[in-house]
Amino acid sequence: MSVEQRRAMIVAAALPLVAEYGAAVTTSQIARAAGIGEATIFRAFKDKDEVLDACVAEAVGTDHVLRELATVSLDEPLDVRLTEAAEALRAHMERMGTVVGALHASGHLRPGRGGPAGQGGPDGPDGRGGRDGGGGRDEGRDGQHGAGPPPDARARSFVALRDAVVELIEPDRDACRLSPEKVATAFLGLLFTRLHTAAPGAEAPLSPEELIAVLLHGSLKPPGSDR
Numbered sequence: 001m002s003v004e005q006r007r008a009m010i011v012a013a014a015l016p017l018v019a020e021y022g023a024a025v026t027t028s029q030i031a032r033a034a035g036i037g038e039a040t041i042f043r044a045f046k047d048k049d050e051v052l053d054a055c056v057a058e059a060v061g062t063d064h065v066l067r068e069l070a071t072v073s074l075d076e077p078l079d080v081r082l083t084e085a086a087e088a089l090r091a092h093m094e095r096m097g098t099v100v101g102a103l104h105a106s107g108h109l110r111p112g113r114g115g116p117a118g119q120g121g122p123d124g125p126d127g128r129g130g131r132d133g134g135g136g137r138d139e140g141r142d143g144q145h146g147a148g149p150p151p152d153a154r155a156r157s158f159v160a161l162r163d164a165v166v167e168l169i170e171p172d173r174d175a176c177r178l179s180p181e182k183v184a185t186a187f188l189g190l191l192f193t194r195l196h197t198a199a200p201g202a203e204a205p206l207s208p209e210e211l212i213a214v215l216l217h218g219s220l221k222p223p224g225s226d227r
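The working numbering numbers the first residue of the sequence shown as 1 and each following residue consecutively.
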């Protein structure tokens with residue numbers, strides 16, 4: 001097993017523990033979860049902080065969700081394709097928020113760097129203000145690490161997500177009033193807004209199916225219809 005493969009295996013085992021314990025997770029816990037000796041961790045990583053930084057990079061990175069989007073069958077109807085995409089993106093952002101939020105709460109990430117737990121990804125269709133993508137490391141003068149990549153990395157990640165959604169829309173280009181690029185941007189904007197407005201006590205946010213119905217058919221009833 002190469003060093004990179006070992007690192008990836010350790011991070012995969014560590015992620016659920018980091019989500020549960022934050023920075024309080026121990027390397028012995030991670031080693032047990034990975035089925036390796038604790039010393040093996042330190043042959044792949046300098047120290048526990050480096051393991052935690054790798055977990056943040058994996059959580060905010062888009063590689064996994066892009067692979068998920070690429071598995072959506074283009075033979076399915078457009079509304080089914082976009083619903084599957086919405087579910088994949090929701091799971092990605094929830095995992096991101098859980099991991100980053102746990103590390104923020106336990107002091108590994110410097111306060112004020114990035115949004116609140118559960119609010120990963122771009123804040124809007126321009127890709128600004130969220131935590132998604134390349135998993136860049138940001139380190140302040142106090143030695144604590146920031147929560148996500150710089151703005152240019154966030155923008156690149158947003159473009160990668162948009163392009164993946166464009167591919168899902170492309171087979172129905174002729175049926176759309178707008179270009180697939182504009183439909184994809186609207187889709188991501190609706191999805192991120194849905195996740196950011198799920199406040200306690202508020203009305204339940206749109207389900208993925210409702211979100212796709214609004215995107216594709218609007219919010220007005222067809223003339224003469226009760227639905």
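Hints are not guaranteed to be accurate.
The calculated label-pair distances, taken between Cβ atoms and stated as ranges, are [claimed, not checked]:
no. : residue 1 : residue 2 : range
1   : E167      : S106      : 34 to 40 Å
2   : A12       : D163      : 25 to 31 Å
3   : E210      : A24       : 34 to 40 Å
Since the hints were made in silico from the structure, they are not lab data.
Using N, Cα and C, we set each Cβ at its ideal position, and we do this for glycine too.
Lying within 34 to 40 Å: is that true of the beta-carbon distance E210 to A24? Cβ of E210 to Cβ of A24: about 39 Å, so the range 34 to 40 Å holds.
Taking the Cβ atom of E167 and the Cβ atom of S106, is their distance within the range 34 to 40 Å? 38 Å, holds
Quick check on a hinted range of 25 to 31 Å for A12 and D163, using CB atoms only. With Cβ atoms ~26 Å apart, the hint holds.
Violation of the numbered hints given earlier is absent; every hint is satisfied by the structure.
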